[in-house]
Amino acid sequence: MSDALLQLRACCQAFPKPDGKELLVLNDINFTLAEGEIVCLLGRSGSGKSTLLRLISGLARPTAGSVMYQGHAVTGPAPGIAMVFQTFALFPWLTVLENVQLGLEALGLPEAEIRKRALAGIDLIGLDGYESAYPRELSGGMRQRVGFARALVVNPNILLMDEPFSALDVLTAETLRTDFLDLWNEKKLPIKGIILVTHNIEEAVLMCDRILIFSRDPGHIVEEIKVDLPQPRSRLDPAFRDLVERSYVALTARPAAPSARAVPERPYGSGIVMVLPRVSANALAGLIEALAGAPYNGKADLPVIASALQMEVDDLFPVAETLQLMRFADLEGGDIKLTEEGKHFAGAGVDDRKKLFQRQLLANVPLAAHIKRVLQERANHTAPRSRFRAELEDHMAKEAAQQTLGAVIAWARFAEAFAYNARSETFSLDNPI
Amino acid sequence: MRGTIPISVEQRARGISRWDALAILLTLGVLIFIAEASRHLLQPLAELRMAPISLAPENLPEYAARTTLRMLVALVLSLIFTFTYATFAAKSRRAEVLLVPLLDILQSVPILGFISVTVVFFMSLAPGRVLGAEFAAIFAIFTSQAWNMAFSFYQSLRTVPVELEEASRTFRLSPWMRFWRVEAPFAMPQLIWNMMVSMSGSWFFVVASEAISVGNTTVTLPGVGSYIALAIEQKNLVAVGWAIGAMLVVILLYDQLLFRPLVAWADRFRFEQQAGVFPPKSWVLDLLRRSRIVAVLTDAFGRLGKRTFQWSFLRIGSATTVSLPGVGSRWSDRLWTGFVVVLGALATWRIASFVLSDVSPHDAVEALVAGLATLCRVLVLIAIASVIWVPIGVIVGTRPRLTQFVQPVAQFLAAFPANVMFPVAVSAIVAFKLDPNIWLSPLMILGTQWYILFNVVAGASSIPSEMRDIGANLQVRGWLWWKTIALPAIFPFYVTGAITASGGSWNASIVAEVASWGDTKLQATGLGAYIAQATEAGDFSRIVLGIAVMSLYVVIINRVFWRPLYWYAERKFRLG
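Residue numbers (this note's numbering), protein chains in the order written: chain H, 1 to 433; chain E, 434 to 1009.
It should be emphasised that the hints constitute simulated quantities derived from the structure, not laboratory data. Hints are supplied without guarantee of correctness; some may be wrong.
[Claimed, not checked] Listed next, with one range per pair, are the computed distances between beta-carbon atoms: (1) Ile903/E x Ala422/H: 46 to 52 Å; (2) Leu502/E x Arg115/H: 37 to 43 Å; (3) Asp394/H x Asp902/E: 19 to 25 Å; (4) Lys21/H x Pro608/E: 33 to 39 Å; (5) Asp719/E x Ser45/H: 27 to 33 Å; (6) Phe994/E x Lys21/H: 24 to 30 Å; (7) Ile989/E x Asn155/H: 58 to 64 Å; (8) Leu737/E x Gln402/H: 46 to 52 Å; (9) Pro608/E x Glu425/H: 38 to 44 Å; (10) Arg767/E x Asp394/H: 29 to 35 Å; (11) Asn380/H x Pro594/E: 42 to 48 Å; (12) Arg901/E x Asn155/H: 50 to 56 Å.
[To be verified] Covered by chain E, per the in silico footprint, the following chain H stretches (three or more residues, Cβ under 8 Å): (13) 71 to 82; (14) 91 to 98; (15) 105 to 111.
Glycine residues also receive a C-beta, built at the ideal position from the N, C-alpha and C atoms.
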């Protein structure tokens, strides 16, 4: 490997919590970006990969550790590091040309040179003819091309890409990826290294030389996977499939626990202060049904069922993990397998499903059991939302508490475990009218 | 299109915070300071002789032009104020905690009652010249325009989408460049809308500020306002008619020549990424865009503007480093706290010495009771106006053809200064021997009720068609339709309109509770009348007291009634 372009040493990022403590979002991140390399940060939402990208770009600073770029610590937006945004971040009141020129104007270059370089960039990225169009007149793919051109014309050494293809439809994303890879492989781009954030595993294997797998609470790197396949890569190549499978396994791996079977692991924290994902009961039922039916018959490979259901990692994992939490399914080694309860659920009618769901919910989601217990203990069988919110907020961020309560309310409604009145913000035991 | 809410409705600060208290102190302190400084300056005013106003209609174009010019100058000043004050408030965490409550309080101060004081103050700046009176009139107009513009700009700056903000930082735009390339464009559509509202609102002040009597002194500036004042004095209904006609023409002209082109131009700054269904059109803008001279000129200005992005002194402060949260700047924090404490102490001292020396408990009680009377009027009038205009607004808003016709008319009526209609009303009250305590009241809401109407129309026309379709499909009719579909959908819009109407009515009470027609003078009991009387008598301490009490009422009503109602509406009924 040649010289290091960028070096991260023991980077940590924490945000203050309402109770005065700190919430650690990134813990001890170390890695080096070498020249000529595309490194991918792969992980689920909440694993801090976008936060990391913001540290590298200088939009934020780590609370501990350092980001070194060309031998200097990054303390703010640095020249030579450009970014492509998930939502394009184009200025709707500027034309394509003006958008591309923006970064060059900020450099204070003479006008003739700004124009020359902007036009060259537009030409390179295939935007000729669109110079005077406004972003709102363009399709999503064309808009992201403007995003690429804008980043490339400032001749950055490092290009940061924050899920650049995830807001595009499948076909457009594929075209743009291929075009971009062609330019990179033909060495037509001025950049020396790329960091790509994504939650699309195939995209990571398709584009990158190295994949860093992130896990969360707090965000940290769990595994590094090298991709040695020559470009252009084929998705059908067995070696390619192998790497996709390996990535899935790495993503589903649990943090090493002494006896994996005896103590069921809980995702996201434990006890009543576990952060719950907002997954609808319908999605849970849907995944159980899909798993129970042919051709899976109760057990499926995650990448296979993900692509069959046309879901991405971020969509599939919360559902799968919730099933695991409620003991409807087990997750291991990139596989998902229905438990007895799960199979029972799949075969049951509406009323039995509700009963079964209620039993699993109260047995396995401590917060639901806690709320039920409090309601039973109180004389009038009601309790305000604020009581539980305060309890949760002692241990988690405000938004997380909000989301967790929302999830529990949704599941409890489906299970008819207890009722919630949004207007008065109270929980109660009576069934809603 | 819905205007920004005219009061601060930040959710985090319910009730009155210590910053609000400080803002109240500062505002009162400055008012008292100016009043005290001006009270001895009355004398030179008496020596002034202004050119007499003539009621001949051929003078009206000149008067109208001068009035409009004053309004435009005030608009430019308001823009400058907006760009500086609001930007500072949005950029500096320290400034924000003080400047935003201050703006909120300033919005609640009925400047109409303070014109007399400012006239004296500005006259003292340019003694013996018309200039002082001009300044005072422009200042009065400025105070009616600036606050809501600054408020809208501040809110826009705070809501610049995160990704645009991050993009401008990664590409290392200097603050100067960011302001003109990112922030100002983003805020532009909302700002222009607020400029239109401001311009409409300021007509009311023009009429009141051009001819002003303080004690025995009368200052008259040539303009439509003075023309109307003279017409009232001479009981000349024909002249009032001419003045109304002149105003109509002026309002139409600046709408066509200034605001319509601005709105059409600002359409490109809309943030929504979809192309607009019906982009606003303006023949003036089309004309300008086709003109070669204009193209050359704008191009030259554009180049000049871009050149400033390269000036090195404007590029300092580019975000080359990001500070860690909570680290450093302890010293400047202390300095800032010290500054605020000194400011607060000064204001408190001013107010205390004023209250102790000039205000008797009797006066204070009188003002508070008068305030209650005006409060009752405002609430009853808003209720009556709502009962009338909400159903009409819904009916109009759900019929697109009718909306197209009624919406501009309602906006025009809101722009029309209701105080020129007062003489007509007064002569009617006199003729029918009606009780002024009741019949003067409707004048307060004459000009402001339209805000309710056009906000409700806007709300009703934005009811999604699926919602209306499902209503028809399920045969939801009559009261059920109103209760489940129409009223919930328009509620947030209605609240916005009602807040604006209520604020305007308080202000209007100062001219509405005392009205005259020639020698006949009608008077109702109320805080507005209290302030008007104090003005006439040149009694500065009672003017200040009256204004302070009115501000207090307005602030309290906003905090305990309108703000919670606004949030209730936002939470519960906001569509999408």
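Hints, one by one, checked against the model:
1. Ile903/E x Ala422/H: 46 to 52 Å: Given about 22 Å between the Cβ atoms, the range is violated.
2. Leu502/E x Arg115/H: 37 to 43 Å: For Arg115/H against Leu502/E, whose Cβ atoms are near 41 Å apart, the range 37 to 43 Å holds.
3. Asp394/H x Asp902/E: 19 to 25 Å: Hint violated: Cβ distance 47 Å, outside 19 to 25 Å.
4. Lys21/H x Pro608/E: 33 to 39 Å: holds, 34 Å
5. Asp719/E x Ser45/H: 27 to 33 Å: Because 48 Å falls outside the window, the suggested range is violated.
6. Phe994/E x Lys21/H: 24 to 30 Å: At roughly 39 Å between Cβ atoms, Lys21/H and Phe994/E fall outside 24 to 30 Å, so the hint is violated.
7. Ile989/E x Asn155/H: 58 to 64 Å: Check passed, 59 Å falls within 58 to 64 Å.
8. Leu737/E x Gln402/H: 46 to 52 Å: With a Cβ separation near 50 Å, Leu737/E and Gln402/H satisfy 46 to 52 Å, so the hint holds.
9. Pro608/E x Glu425/H: 38 to 44 Å: holds, 43 Å
10. Arg767/E x Asp394/H: 29 to 35 Å: holds, 32 Å
11. Asn380/H x Pro594/E: 42 to 48 Å: holds, 46 Å
12. Arg901/E x Asn155/H: 50 to 56 Å: Hint holds: Cβ distance 55 Å, inside 50 to 56 Å.
13. 71 to 82: Since three or more residues must qualify, the claim that chain E covers the stretch 71 to 82 of chain H holds, with 6 doing so at under 8 Å.
14. 91 to 98: holds (count 4)
15. 105 to 111: Check passed, 5 qualifying residues.
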